[in-house]
Amino acid sequence: MSATDPAGAERLEALLAGEEPRTPAEERRALLLAELRGGAPVAAAALHARVLARADAPARSRRRPLPGGRARILALAAAVVAVALAAAAVHGVVSPGPGLRPVASSARTTAPAPAATAGTAAATQPAAPSRASRSFHSAVGFLALEGVAGAAALALAAALLVLVRERRRREERRLLGASAAGRRGDLME
Amino acid sequence: MTNRRAGAVSKGVNALSAQLERPAALGVPAFGDLVAEHLDAVYRYLVYLTGDRSAAEDLAAETFEKAFRSRRRFDPRRGAPRAWLCRIAHSAAVDWFRAEARRRRREDAYSRDRAELDESLFAEGLSPALETALRTLSPAEREVVALRVLLDLDGPSAARVLGISPTACSTRLSRALKRLEEAMGDVRD
Numbered sequence: 001m002s003a004t005d006p007a008g009a010e011r012l013e014a015l016l017a018g019e020e021p022r023t024p025a026e027e028r029r030a031l032l033l034a035e036l037r038g039g040a041p042v043a044a045a046a047l048h049a050r051v052l053a054r055a056d057a058p059a060r061s062r063r064r065p066l067p068g069g070r071a072r073i074l075a076l077a078a079a080v081v082a083v084a085l086a087a088a089a090v091h092g093v094v095s096p097g098p099g100l101r102p103v104a105s106s107a108r109t110t111a112p113a114p115a116a117t118a119g120t121a122a123a124t125q126p127a128a129p130s131r132a133s134r135s136f137h138s139a140v141g142f143l144a145l146e147g148v149a150g151a152a153a154l155a156l157a158a159a160l161l162v163l164v165r166e167r168r169r170r171e172e173r174r175l176l177g178a179s180a181a182g183r184r185g186d187l188m189e
Numbered sequence: 001m002t003n004r005r006a007g008a009v010s011k012g013v014n015a016l017s018a019q020l021e022r023p024a025a026l027g028v029p030a031f032g033d034l035v036a037e038h039l040d041a042v043y044r045y046l047v048y049l050t051g052d053r054s055a056a057e058d059l060a061a062e063t064f065e066k067a068f069r070s071r072r073r074f075d076p077r078r079g080a081p082r083a084w085l086c087r088i089a090h091s092a093a094v095d096w097f098r099a100e101a102r103r104r105r106r107e108d109a110y111s112r113d114r115a116e117l118d119e120s121l122f123a124e125g126l127s128p129a130l131e132t133a134l135r136t137l138s139p140a141e142r143e144v145v146a147l148r149v150l151l152d153l154d155g156p157s158a159a160r161v162l163g164i165s166p167t168a169c170s171t172r173l174s175r176a177l178k179r180l181e182e183a184m185g186d187v188r189d
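Protein sequence lines, in the order shown, are assigned to chains H and E. Letter by letter, the first sequence follows residues 1 to 189 of the numbering used here. Letter by letter, the second sequence follows residues 1 to 189 of the numbering used here.
Check before you lean on any hint, since a few could be wrong.
[Stated by the list, open to error] Not close to chain H: a few residues of chain E, all C-beta gaps over 12 Å, as computed: (1) ARG77; (2) PRO81; (3) ARG82; (4) ALA83; (5) ARG160.
[Stated by the list, open to error] To be clear about the criterion: a stretch of chain E counts as covered by chain H if any three or more of its residues have a C-beta under 8 Å from a C-beta of chain H, and this derived list gives those stretches: (6) 30-39; (7) 64-73; (8) 91-103; (9) 130-140; (10) 143-153; (11) 170-178.
Read the hints as simulated data drawn from the structure, not as lab findings. Values in this document were obtained by computation on a predicted structure and should not be read as measured data. C-beta atoms are modelled at their ideal positions from N, C-alpha and C, and glycine is treated no differently.
All chains, please: the whole structure from these sequences, using the hints.
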């Protein structure tokens, strides 16, 4: 019964489910499983009482329980969005941006146009946008900037989270796998 | 009029609170039933994982306390209560292993393992050969044996507790049993 053999894994599942062994090797394994199951440790009555007593203590407290992980993340995300919107609105009101850009004049100095065309351009120049419109555009621009910064921060946080989780997983594997080696060393001494 | 409305609102809130205090109404078993049904299983799992009965008792109590605090977050659609409790127990045990590793680093002589050699670590009902063989396994190997053989968790649930794939879980179990058989053979010889 190989560890990586699918048929072996299937037979092991069958033995765990209580099927009859077919070979002497399976018989030995079934006996081992039966002995493991028969000699399983049982929690003492004192432990049952202790667990129930500890569970009773917080039940009496009137404190409201904290929201779960998902609810907390949702609340945090909503708060971040609200702060970002408020900051963008404040930025839009405080610095609504310039009126008309002096692009036409600078273009004229670098590449002078014929007199007739320049006159037509001046005549068709659009009216200056209202302060509300400028505030809105400034706020939208600021919001976009916040979005880019937020996305970068999120990507960085996600990468850090992945790194931390991987490190913890590796440490867990080392802890659970290596402890026996120490114990085996003690046994051999 | 206002008083009557406030009274009705307060009655509604109280009814909701009562429903939350009775998780059975939401498809979650009551805490006392959970303890009665699963404490032995969680204790067995922790004894096998830590190889230390007194630590297993403390960790079992801690597991149920954590489970009690976060019982509203339990979602029966995502797995059985036993697997959920085992996941909590696993993380508590990993913290314990971490603390033990720190303690071992602090102390030059880790004498407790040797003191434990004379007494039965896992259960009184096991043969000395199996008891000794179990000590030669790593905690990760004993953990999978406990989950699959003693607690009768199915492959996918056990894999979720261990944070590995069902195939890896099956391979680990197969290897652990093979190593147990080999170690038992060595002890008998």
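Going down the list of hints, with the structure as the test:
| no. | hint | verdict |
| --- | --- | --- |
| 1 | ARG77 | holds, 14 Å |
| 2 | PRO81 | holds, 14 Å |
| 3 | ARG82 | holds, 14 Å |
| 4 | ALA83 | holds, 16 Å |
| 5 | ARG160 | holds, 14 Å |
| 6 | 30-39 | holds (count 5) |
| 7 | 64-73 | holds (count 7) |
| 8 | 91-103 | holds (count 5) |
| 9 | 130-140 | holds (count 7) |
| 10 | 143-153 | holds (count 6) |
| 11 | 170-178 | holds (count 7) |
Checked against the numbered hints above, the structure breaks none of them.
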